[in-house]
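There are 2 protein chains.
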Amino acid sequence: MPSYFRVLSLLEEENAEVVSSQELGKRLQMTPAQIRKDLSYFGKFGKQGKGYNVSKLLGELRQILGLDREWSVALIGVGRLGRALLDYGELTPRGFKIAAAFDIDPQQIGKKVGGVVIQDVAELANTVKNRGIDIGIVTAPPSQAQQVIDCLVECGIKAILSYAPLTARVPKDVRLREIDPVLALQAMTYHLKCLGSS
Amino acid sequence: MPSYFRVLSLLEEENAEVVSSQELGKRLQMTPAQIRKDLSYFGKFGKQGKGYNVSKLLGELRQILGLDREWSVALIGVGRLGRALLDYGELTPRGFKIAAAFDIDPQQIGKKVGGVVIQDVAELANTVKNRGIDIGIVTAPPSQAQQVIDCLVECGIKAILSYAPLTARVPKDVRLREIDPVLALQAMTYHLKCLGSS
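First to last, the sequence lines map onto chains U and R. Counting from 89, one number per residue, gives the positions in the first sequence under the working numbering. Counting from 89, one number per residue, gives the positions in the second sequence under the working numbering.
Just to be clear, a hint being listed does not mean it is correct.
[Claimed, not checked] When the alpha-carbon atoms are kept at most 25 Å apart in a straight line, the in silico PhoX-like pairs for lysine-lysine are as follows:
hint	chain 1	residue 1	chain 2	residue 2
1	R	Lys260	U	Lys125
2	R	Lys217	U	Lys281
3	U	Lys125	U	Lys144
4	U	Lys144	R	Lys281
5	R	Lys281	U	Lys260
6	R	Lys246	U	Lys114
7	U	Lys217	R	Lys281
[Unchecked claim] Covered by chain U, according to a simulated footprint, are these stretches of chain R (three or more residues, beta-carbon under 8 Å):
hint	region
8	90–100
9	174–181
10	200–212
11	274–281
Think of the hints as simulated: they come from the structure by calculation, not from any bench. Beta carbons: idealized from backbone N, C-alpha and C, even for Gly.
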């Protein structure tokens, strides 16, 4: 669904009013039949032969995905990757505002990056409570990642995006997503290997 | 499979000789039955009641995934994210060496980041050929990403990892993986929304 949302947002920017399942399929590298099946789960969005109304479908998806509001994010670990995310221009316009950033390095604490003042990680629990933080992004070093994740869970955070190259443990009611470029690369080498031996 | 590989590598570092499907399940947040089913596709790795031999399973997965060799990677777009990846210590030990980096900014070209001298993107085709580049990582701005991807495809690259927040188009024989933190965040807000309304 997030992929649909991304493509439809782009279509809206291009001032498209309607879009066919063929066009959606082309942009999402899926078959038109898959598109129609996926979207039928969420009610009758399209009319036979007329395509989908872009802004209506986008509005429905926004509601379904909980994107009709802004989500407050705390980032923990302000190294190069953390800084890249703090400076990344695509989060706020797409509904995710990094409202707080934390580190353990006294040299970093108090500095301002991407409009956010870096705080001592000891202030995490208070800040999560006072500023209504919804989501944690973990960009701490691998050796500290599980500890940071445990800390976010204790603070009541229910959604965590982790950049640490490890399968972290979280309670059942917490959603954890991981971004590990090596996993993405390894998922392609099987294909490369087959090409090489063919 | 890459997730299995990551967990097994960690177990090997911990000097574990055998591992049960229970333990693997715990670490991968899957049921032991799923683990046994997954691994049975790839032959008889485990003995009933004895668990899996860690180094043997790791060796087989290494071969299956094509990780018994080093892969050469070219990175295109040396902004903050590109620099973070060039400095990221987890790529080389896990089999992916960034052998070349490219940018269009004359201010960047010639500078050295993470042991790699940044080249003019005009040299991409030659470098891919001469240095046997296997994989491209695209960290160029969104507006230039599709053009960079087209360029990599023209150079014969068959595996691309893109950080651009768009669904890029590639020919059928090219594998494309995308890392977009917003998609990962949006995949969790549905869950948060449901928690909020319960």
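Hint-by-hint comparison with the structure:
1. R:Lys260 - U:Lys125: holds (23 Å)
2. R:Lys217 - U:Lys281: holds (18 Å)
3. U:Lys125 - U:Lys144: Measuring from Cα to Cα gives roughly 18 Å; hence the hint holds.
4. U:Lys144 - R:Lys281: Roughly 20 Å between the alpha carbons, so the hint for U:Lys144 and R:Lys281 holds.
5. R:Lys281 - U:Lys260: holds (16 Å)
6. R:Lys246 - U:Lys114: holds (20 Å)
7. U:Lys217 - R:Lys281: Measuring from Cα to Cα gives roughly 18 Å; hence the hint holds.
8. 90–100: holds (count 6)
9. 174–181: With 4 residues in contact (Cβ-Cβ under 8 Å with chain U), the coverage given for the region 174–181 of chain R holds.
10. 200–212: violated (count 0)
11. 274–281: Satisfied; 8 residues make the cut.
Comparing the model with each earlier hint shows a violation of hint 10 alone; every other hint is respected.
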